[in-house]
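Student: Residue numbers (the numbering used here), protein chains in the order written: chain A, 884 to 1178; chain B, 884 to 1178; chain C, 884 to 1178; chain D, 884 to 1178; chain E, 884 to 1178.
Hint data in this document are derived by calculation from the structure and do not stem from the laboratory. Cβ atoms here follow ideal geometry from the backbone N, Cα and C, with glycine treated the same way. Where hints are given, some of them may not hold.
Unchecked claim - Keeping only pairs whose Cα atoms sit at most 25 angstroms apart, straight-line, the calculated SDA-like set for lysine to any residue is:
| no. | chain 1 | residue 1 | chain 2 | residue 2 |
| --- | --- | --- | --- | --- |
| 1 | E | K886 | D | I1005 |
| 2 | D | K1112 | C | D921 |
| 3 | A | K968 | B | M884 |
| 4 | B | K972 | C | D888 |
Said to hold, decoys possible - Between beta-carbon pairs, the in silico distance windows are:
| no. | chain 1 | residue 1 | chain 2 | residue 2 | range |
| --- | --- | --- | --- | --- | --- |
| 5 | C | E1134 | D | L887 | 43 to 51 angstroms |
| 6 | D | G1039 | A | G1039 | 44 to 52 angstroms |
| 7 | A | R1037 | B | T899 | 27 to 35 angstroms |
| 8 | C | E1144 | B | T933 | 21 to 29 angstroms |
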Amino acid sequence: MIKLDDLLHLNLGKRTRLHRMMYEHGPGNGTLIILPIDQGMEHGPVDFFTDHDCMNPEYQYRLAVEGGYSGIALHLGLAEKYAPKFAGKIPIVLKINGKTRIPPADEPVSPMTGSVEDAVRIGADAIGYTLYVGSPNQHTDFTQFRKVKKDAERYGIPIIVWAYPRGSAVEKKGGRNSLFAIDYAARVADELGADVVKLNVPETSAKSRAMQRPPYDKLNLSTEEMVAKVVKSAGKTLVLFSGGGMATDEEVIERARICMEQGATGLIFGRNLWQRDWDDALKMTKTLKDIMLKV
Amino acid sequence: MIKLDDLLHLNLGKRTRLHRMMYEHGPGNGTLIILPIDQGMEHGPVDFFTDHDCMNPEYQYRLAVEGGYSGIALHLGLAEKYAPKFAGKIPIVLKINGKTRIPPADEPVSPMTGSVEDAVRIGADAIGYTLYVGSPNQHTDFTQFRKVKKDAERYGIPIIVWAYPRGSAVEKKGGRNSLFAIDYAARVADELGADVVKLNVPETSAKSRAMQRPPYDKLNLSTEEMVAKVVKSAGKTLVLFSGGGMATDEEVIERARICMEQGATGLIFGRNLWQRDWDDALKMTKTLKDIMLKV
Amino acid sequence: MIKLDDLLHLNLGKRTRLHRMMYEHGPGNGTLIILPIDQGMEHGPVDFFTDHDCMNPEYQYRLAVEGGYSGIALHLGLAEKYAPKFAGKIPIVLKINGKTRIPPADEPVSPMTGSVEDAVRIGADAIGYTLYVGSPNQHTDFTQFRKVKKDAERYGIPIIVWAYPRGSAVEKKGGRNSLFAIDYAARVADELGADVVKLNVPETSAKSRAMQRPPYDKLNLSTEEMVAKVVKSAGKTLVLFSGGGMATDEEVIERARICMEQGATGLIFGRNLWQRDWDDALKMTKTLKDIMLKV
Amino acid sequence: MIKLDDLLHLNLGKRTRLHRMMYEHGPGNGTLIILPIDQGMEHGPVDFFTDHDCMNPEYQYRLAVEGGYSGIALHLGLAEKYAPKFAGKIPIVLKINGKTRIPPADEPVSPMTGSVEDAVRIGADAIGYTLYVGSPNQHTDFTQFRKVKKDAERYGIPIIVWAYPRGSAVEKKGGRNSLFAIDYAARVADELGADVVKLNVPETSAKSRAMQRPPYDKLNLSTEEMVAKVVKSAGKTLVLFSGGGMATDEEVIERARICMEQGATGLIFGRNLWQRDWDDALKMTKTLKDIMLKV
Amino acid sequence: MIKLDDLLHLNLGKRTRLHRMMYEHGPGNGTLIILPIDQGMEHGPVDFFTDHDCMNPEYQYRLAVEGGYSGIALHLGLAEKYAPKFAGKIPIVLKINGKTRIPPADEPVSPMTGSVEDAVRIGADAIGYTLYVGSPNQHTDFTQFRKVKKDAERYGIPIIVWAYPRGSAVEKKGGRNSLFAIDYAARVADELGADVVKLNVPETSAKSRAMQRPPYDKLNLSTEEMVAKVVKSAGKTLVLFSGGGMATDEEVIERARICMEQGATGLIFGRNLWQRDWDDALKMTKTLKDIMLKV
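Sequences are here, hints too, so could you generate the full structure?
Tutor: Rendered as structure tokens:
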């Protein structure tokens, strides 16, 4: 796992803010576990149909604070409205772009919902930017990211890139979770200047492999090997893995273990945590944090 | 119903202006009843074919003042031309974007017709922004809203978002008035940073439900339950419900009662008020204000 | 007819310039007769195929000055090149957007050919903006108009909006000269903040009515009634009517009479004046001015 | 032929620079002969396949200087790289937009390759702007031109508009060299505020006429008459005619004679000059200059 | 080969930085050999599937430093992250635009990934800009380049243009590596104001020639002749040739020899160097440098 001290290029603001998240909050020791609550924007309220009240963002806020996360990731509206009473207790990762899933997503790009200046204004410790790697709309996306990158450099705010392969062309080349696509996304994040990159754990199948570009079409790797590969492709960009939809306890734990063992800096697990009821969520949080420190 | 005092995040300008509308005008006690007169832009003069002269915006202005509304919502041209003689007597909600209904609306977005600076210049107490949630043009819409949001924050002007699910993709997923669509719109408004959101009262039918995303396709709720749900999805965003086209007295009253009982902050009813002749309009205004205070 | 003194909202610059055109030039008494010479841009030189030399803009300039018009309307190039020798003798209405008619006009929008600052620089008394109401390109058009409106407000220059229903959607709903379309255009100009609006005289036919939105499909009005209706829809926006292509003396006079009797502030007649030879043009000018003062 | 002294509207910078080109360089006496070397951009190196070395822009530079031209027209790269050793010896017309001919040209617009500020910085005496009159992309083109016009006015740099009818709509209405198209282009240049316009000599054929708008479809004019007509349509804009592809000595001379006799201010002939070898090019230059002074 | 001293037009900043690369680093004597490591962005990690660890950009950095290159070319992310420990040891060519190869490339344009200001900030000695000559998107590309060119002029940073013929129209006219296309690209770079241009070595085939524009369709040149021709077409723009995909030692050496003998200033060879293992890569580097100095 990369150490913050290895990243000589970070300016003082970025280093200070990353230190806060990697050592002063969360499991510590250079790891990151971030609780995202941006699914209401991305998916609609469908993810909140649980027996407990996870529709109210205070649930996630309380969980992030009491569970001792490294940060909570959310859009400007939720940050402004729900953060005040938790000010200083939990680092904020301000998601500054996003979209609904209603219109077609053949050529996706996430419009801005906030800005680096907003992040400074509300005291956030990082910004989150969703980059749809491979989208036919990449010109708009890269151009938009450029502005974010410039501002983030100026203000010393670390950039976490949600590097998501998406769009019609990705689907034709093995799909959004293929090793080809995620490996490419990891490298793009590194080359564009992400400080941290959020990736999905690659999945593999004979059908997908057959669609991927050579030499990926001949690579039949285990999940461990795939995770290790994309971590390496991300170079000096810290890697976080996402949790995806709700899974069993065993699956969640196994996923976390693999990712951490193969060099990830941490996790961004959302639904697998806050879709649990309070006690269960806190318990799973503790389990994950233990795994993160054990590796 | 949310109290203004619960909204700790509002800056001084927003708080002052909302206080003026929620306590010093209208029914008071934290409620809002706003009279919109932007239908000439959105629908053309078709809504003004009544026996009394509602084509002349002075009719609506007089009604708003004499009826004691919390505010009147209209575009810049009408505000500049008709407000001077009513200055200070009725808060203005400046609609700052809008469109005609003539061209196709498969990928709608409402271009700017005013600005936050205009609102400051004319002494408005809020701005109104129409967001077509789910439109294939959401990139343009969100980007445009970002600028509005930034300016509104800077000038301390509350933002009322007309959160309207619209566009070809919405129609395929149950329609603009489906619970799925309005529930999503409520959450988007909350996440994007609306201060107040205007929603339609959701409607339900077997046909629409069958088209909605799970688990909405299995939800068969009463109007009361649907209203309660979307109010909850709007979180810390104050909710106003719209009145739609002309209805019977009973329907209008029933709609107002349900909305207020289920947690709404107020109403934006237009045609159902100013399409009535003078005495009838004043009487219905009083009836609605009474309902709002009774809840 | 609206009096300038009724328009309390106009700022000092606008009021001064309108006063110059409405009382110090032209027929006076609050009327406006403006000579447009922008047809070379909009139609090409086809309108100049007459026996006398109306291709040379000096013809129109001389006519405007000697005929005693309220103003001459033209694009920046013609203003800069031909105005110097007539400086101060005739108010200039600077057309600041326009287009050729060569490419398809299904989704029209008129790009800028000048600016409000140009109008200030050359001493113009108003600017002219062509708004294609109902065009599928209305987002571009409204956005462009916003900038013009903002600048005009700042510099105190009155805005005359050429409010033309145009584009594929308009044609499907009764056509550009239908009452539905022109009535809508009048209201849009009022809501967007035009100071003066130029409209075509509505035309009616059973075929067009059948295509118009209810209740327009049932309205079978006389020209007088249609003119009165759109003047009313324009609210506090002064209305000028256009002359259209070359017509007989009787038609021109009749059109002017009807428009003025039904509340118009004036006329923008071009081809029907400068396509006449010198003496005839001056004579018709006098006839029209007499009609305008008689009403 | 229009005299510079007739153009009262030109500001001091424009007048000074035009004077330099019209009286101090070239044939003088108010004429202009400009050598263009922008064909490498517009056509690719195909025009340079001659026995002598016309690929090296120094050939054209030497020809312009030794032949005593009024100016040399070229893009920024060529100006910066080849002008230094000829500084002060030949006025530069900086072409500030251009394009390759590789992609389809159904909706052409020439992107910027330089700016008015570049023209000031390198000491150019005019800028050249290519306007594709009638292109479906005219909104982009006009908007881009607006910025150029504004800057040129501010810096006192004359604008030479290459007014080229182009695009699918032009081809359907008689073609790019039809009288209809060029006549329209001349007028558009005048209305948009060109100081000088470069036009092609109109061509005529029964087939093209049949496609042109009335009354052009009935006009069967000689070349002399067509040239005279478009010069008149250009109004107070000085007219230069282009030479087109390589022609015989007789054709080149005849073309020059007709243009000058019918009121043109000058010529922009490129390939017909620099595709000739050195002695021939100088000789033809002298012949053309003699014709220009004789008229 | 062009000498730096022949390029009188270069400003002091450009001259200083080019001198550093052409005389103080690399083979010297006015040559340039640049190691590019932007393939991860352009192709994905597929180029890094070798036995040695060329996925880690430190490999290329070490090779560039120890091999004594004139510069290393890469995007901002890699520059920021990997350059610090090599600061001052190797000139940086900051690639400031780029794209992934995932979406369709019929109308390519490379969005910005950095800026000229970034180049100044990180101490780069040149910027690299990819221009897709002939792309249907050339308006966006040229416009974007204009901004880069303006900034580069202001800051005195040399511009290396990767002039790549691309897009559907290029493919129809003989293909991206045809003499027609590359010759055109060389000229466009010269006219737009590139300081250095990177070109592919043209390839020829009967099939491609048949598709090219006259007179290219009749030109059957040797590689030497084609290289000489495009170098000449680039005029006063220094020419670098690219290496393309992995080739045999003989092919690489032959390519380098031909290019240098026909007037190129240098080479940008990437995969043919860093896909070799360490000793082999250093050896080939030395071989190439010897060839460059011999010519």
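Student: All hints, please: hold or fail.
Tutor: Going down the list of hints, with the structure as the test:
1. For the given pair, K886 (chain E) sits about 23 angstroms from I1005 (chain D) by alpha-carbon distance, which is consistent with the 25 angstroms threshold.
2. Between K1112 (chain D) and D921 (chain C), the direct Cα distance comes to roughly 19 angstroms. Compliance with the 25 angstroms bound is thereby established for this hinted pair.
3. The hinted pair formed by K968 (chain A) and M884 (chain B) meets the criterion: a straight-line CA distance of about 20 angstroms does not exceed 25 angstroms.
4. Under the criterion of a C-alpha separation no larger than 25 angstroms, the hint pairing K972 (chain B) with D888 (chain C) is consistent with the structure, at around 23 angstroms.
5. Separation of E1134 (chain C) from L887 (chain D) is about 45 angstroms and conforms to the stated range, judged on CB atoms against 43 to 51 angstroms.
6. Distance hint check for G1039 (chain D) and G1039 (chain A): the Cβ-Cβ separation is about 45 angstroms, which falls inside the suggested range of 44 to 52 angstroms.
7. With their beta carbons about 33 angstroms apart, R1037 (chain A) and T899 (chain B) fall inside the hinted range of 27 to 35 angstroms.
8. For E1144 (chain C) and T933 (chain B), the hinted distance range of 21 to 29 angstroms is satisfied, since their beta carbons lie about 26 angstroms from each other.
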